[in-house]
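Protein chains: 2
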Amino acid sequence: MDAMWPTGAAYINGRFMPVGEASIPVTEWGYRRSDVTYDVVSVWDGAFFRLDQHLKRFRASMEYFRLVPRESDSDIRTMLHELVRRTGLREAYVAMDCLRGSAPTNLRRHPVNARPYLLAYAVPYVWLVPQEIREQGMHLIVASNPRIPEECVNPRAKNFHWADMTRAMFEAEDKGAHNPVLLDFAGNVTEGPGFNVFAVTDGKVATPDRGILEGITRGAVIELCEKLGLPCEVRTVPLEELRGADEIFISSTAGGVIGVTRLDGRILSNDRPGPVTAKLGESYWRFRKEGWCNEAIDYDPAIAAE
Amino acid sequence: MDAMWPTGAAYINGRFMPVGEASIPVTEWGYRRSDVTYDVVSVWDGAFFRLDQHLKRFRASMEYFRLVPRESDSDIRTMLHELVRRTGLREAYVAMDCLRGSAPTNLRRHPVNARPYLLAYAVPYVWLVPQEIREQGMHLIVASNPRIPEECVNPRAKNFHWADMTRAMFEAEDKGAHNPVLLDFAGNVTEGPGFNVFAVTDGKVATPDRGILEGITRGAVIELCEKLGLPCEVRTVPLEELRGADEIFISSTAGGVIGVTRLDGRILSNDRPGPVTAKLGESYWRFRKEGWCNEAIDYDPAIAAE
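One line per chain: the protein sequences are A and B, in this order.
According to this note's numbering, the residues represented by the first sequence are 185 to 490, in order.
According to this note's numbering, the residues represented by the second sequence are 185 to 490, in order.
Honestly, the hints are just simulated from the structure, not real lab data.
Don't take each hint at face value.
Claimed, not checked - Derived Cβ-Cβ restraints for the label pairs, each shown as a range: (1) B:PRO202 <-> A:THR385: 51 to 61 Å; (2) B:LEU423 <-> A:ASN297: 20 to 30 Å; (3) B:MET188 <-> A:GLU319: 28 to 38 Å.
What the hints assert, rightly or not - Take a look, some chain A residues computed to stay more than 12 Å from chain B by CB distance: (4) ALA187; (5) LYS240; (6) ARG243; (7) GLU255; (8) ASP257; (9) ARG261; (10) MET263; (11) ARG274; (12) TRP311; (13) ASN343; (14) VAL418; (15) SER453; (16) ALA480.
For each residue, glycine too, the CB sits at the ideal point set by N, CA and C.
Construct the complete structure from the given sequences, taking the supplied hints into account.
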């Protein structure tokens, strides 16, 4: 059967709708206090990638922020399948948010008086950067402003506190680069807007262990390193190590593995994604094609009436 | 004539509507990256309080975040008057936001490719805490988690990065208190969710100068101290000073001056708002009643058709 909403479908607190109709009240704390957590899973070739892991992380994020909706993980899984089915998309970007809601006006304006609820949507797959940049390599800068420390906002609980990221994105733009990487207050590498960072030195891969979102694609890359016999260390990565690396690459649900060819203008590996990066990138997509950690979407059943 | 929308009116990018119809797309970066700045001005007895200052601060916040909408300050002023007129409210809480928007799907997902726009709404006046707490005094705790440092997100540019505040609000609730006050990483007082903090020691008032939103009501209190001949220092306020204070009070657009009678369970000034607090609170409302820094709303003109 035909897809109902090929440009995107959304779900809000029990109801399905075209993504263009999905909106949130301007008075809602999910927006006004950014009191919300989220996750994003990709669909490729008609299958979710590592949906279990995304659902597990999403649940942990919700619990961390005390944002517990009425839906169980099993409800969420069923809903996400249904969302993608309604778009008919074989490649999709699927976001799920849990918002605080807001307190009824007769109660104290405290989050404890609000009722959290779920929102989700599926749209055509989103790439972190366009194809040209993925092929030729991304140009990064080291941002002037540090990442929000984890003592203030836990980055492992995925959140929309992006003002530090956004500011750094403008700085990158001003300097003619594509994206920033942010440091912590000690000068160690954390992450960039929507991606984790890896440094390759003398054939060894390293990626930060703290102050970051533990990306699902990052986890996949760490596993791939093991499969390919590449040493990979998860630990503090000082800026100097990044500056001196033979190769740098990033990982993201919105693009997999993407090579970085410039850092603050310095050219890496002849201005082309390096050999370790290329190997990991190829393996990533090959394994995914082979069905690695996939969960197929059943596009066949007639869509249930609402 | 009768008010059109007594429960609240909203404006989004050129259009007026009842507040219940005002919403933002779930895919919009104002929500998804909390890429938005805002301000809130109060209307009391049919007049805006310090609207000039709010507009000036709002403009500065917008420029800081590179969120520049098409409306001039004069356009915003006219729009806010119109908003309140449409509600007919004599006491109102008036919020104005500038959101990033989002990049068209054919362009790179960078904020530079989005078109910022304005949203505003006027609803019945909102109190930070209910009357009982305002009269008897607020119970504060010192939050375990620090405030997001200004090196990461500038607190003078008003923003919705409240996860640190929200977490601390839950901690306050867990401990049977009403609200938290957050420290910076050096252990100095910053602010609480929606308010600035003042300590009174030996008849002298002190309030933090850094790591805070420079509240308009905070500014009014500093001026009031001068009018009343109370010494007031704007400087670093260490936690020890707050703990040892004779009186503590907070200032907020949503309530003016509110006394604090407990800090981490310790009782201040016999569990009642202290004399300096009471004097400032009374003066605040008396001056406002007398029209201090007011800008009256003209409720008479027929509302122009859209």
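Which constraints among the numbered hints does this structure fail? Numbers only, ascending. The structure conflicts with hints 3, 12, 13, although it agrees with all the remaining ones.
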